[in-house]
Amino acid sequence: MTEYTARQRISRSEVAHVADLARLSLTDQELDAFTNQLAAVLDHAADLEALDLTDVEPMIHPLPVHNVLRPDVVGETSDRNEVLSCAPSIENEQFRVPPVLGESP
Amino acid sequence: MSTNATTEIVPGWETVIGLEVHAELATATKLFSGAPNRFGGEPNTNIDPVSLGLPGSLPVLNEKAVELAIRVGLALHCRVQRSVFSRKNYFYPDMPKDFQISQYDLPINGEGWLELADGRRVGIERAHLEEDTGKSTHVGGGGRIHEADYSLVDYNRAGVPLIEIVGAPDLRSPEDARAYVSELRSILVAIGASDGKMEEGSMRVDCNVSVRALGETELGTRCEIKNINSLRSLGRAIVYEARRQVDLVTSGGRVEQQTRHWDEAEGSTHKLRSKEEAYDYRYFPEPDLVPVEPSDEWIESIRAALPMLPRERRRRLADEAKIETAAAALTVERGMDDLAVEAIGLGADPVRVLVHLENNLADGIGSLSAGPFAALIAMEVDGNLTSTQTKTVLAVLVADGGNPAEVATELGFEAMEAEELEVIVDSLIAEHPQDWLAFTSGDDKERKKKAGFFVGQIMKVTGGQADGRAVNELLARRADA
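Protein chains in written order, with the working numbering: chain A, -3 to 101; chain B, 534 to 1014.
Quick caveat, the hints were computed from the structure, so don't treat them as lab data.
These numbers come from a predicted model, not from an experiment.
Ideal Cβ positions, reconstructed from N, Cα and C, are used throughout, including at glycine.
Only true hints are included.
Which chain B residues stay away from chain A? Per the calculated CB distances, all over 12 angstroms, these:
#, residue
1, V543
2, E789
3, G800
4, K855
5, E891
6, A895
7, S920
8, S960
9, A963
10, K978
11, K993
12, V994
Chain B stretches covered by chain A per the calculated footprint, using a threshold of three residues with CB under 8 angstroms from any CB of chain A:
#, region
13, 593 to 605
14, 815 to 829
With a Cα cut of at most 16 angstroms, we get these calculated EDC-like pairs of lysine to aspartate or glutamate:
#, chain 1, residue 1, chain 2, residue 2
15, B, K924, B, E891
16, B, K668, A, E89
17, B, K668, A, E87
18, B, K668, B, E732
Construct all of the structure, not just a fragment, from the sequences and the given hints.
Here you go:
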């Protein structure tokens, strides 16, 4: 495993924070491994940053395609009973979920 | 925007308000799939794999939603630009795929402005496209979110296209805030972008409030208030929140940046999250959607098809009627300005047109059209109908339509013939020689008093059929003779 110590581009606690945001539970070993791997990715990005890119337009999508649009025409809908039958808990034709603290962000 | 110093909620303190308005766009289908965009359906019937975020489903952008978003941008004088979609990541059951597709660093509409009825301009920071979430109903605990036993989720609304309009912190009072939302709603409805129904949730307002001492130029720490469901609540929430913040600051505390929940029943706001607990959405570009780059031709064709906006309609009516723009606001708000402009164009007296529209037609114009309206006003101005009779005829025209002259005849409102009036006036002069002498030789005050006496007598004799102005003119003529 490549060692990134003194000039590490991402800290172990930052990785732990991101994992927490993504609701991922990582072991100490995983946290170490991912910190090193993410640091390597960031190092690679830093290599690109070293280039003079003043005349290069930022790329916002890898494909040279834009305006992929569909007409506003109603299509098929899913069968409610079929969909609800996949849910672990339903009530009044709705999905029943555990209580959620607070409201939608 | 100029500030209005007469609107302090707490004396010596200025309230600074910025609003974020979400409006559901009036499309037939959702933003990224063909499931219907329809309010009030049976739960979980307007759904498909994309609305449910099923694995393998892919979003395809609705052309109509883009067109409506551009309409909004143009109506708000925004820069319409190349845009991209981003994923806003959070875990909440109203978004089954655990992210909301929104626009972040490159919104479809950049900066613009909105003009209030009184002519002041409010800045628009951006207006971007995003998908709506599903609807959660909290069960148990008296319906209160924090005490709920569980929640039920209906995904009919998930994926409905929204435009989020972010206003600059240019508003200074609850009245400003309400005027801004009313004007925005009028614009959205006029251009057919949204039905603007706050009561059905198709238009929702989040409100940022901060306070600062009068004269201070730095902005104070703001709180964002959610769950505002009406214009009335918006005003109440701002007043409550401004007082709360001033109380905090003047008692030695400081305002903490928070998201707060408006409780309509309690008439207060309470803390939902602090800045430290604020969501970290980890936005990143949505890889399944390509950029949107509306061509100049498309933008211009959308601009050309825009109807006249409330601001332009106020200006048109004000020009036609030769009044201040603000005085045209009510008639435009009621959507009666076309009738007014047409009637004035047909020669109707502008003052009488607006008086009738504002005072006598608050419940709508019904079957009234410009031709009969103008003819009726001419009859009133010419003295063929008294103002009371005019109102009565107007009510008939609103209910049943028709010709005002015929309606007046049917109602027995025959205009008093000039000769008939003269006979009555002459006989009254003969019956009251002292009063007549006082009228002809008295000072202005006396003359006015006696004119009132004679008009009153004539109305009594004619049962109110005589036209007051014609009587006054006749009295003046007789006095000069």
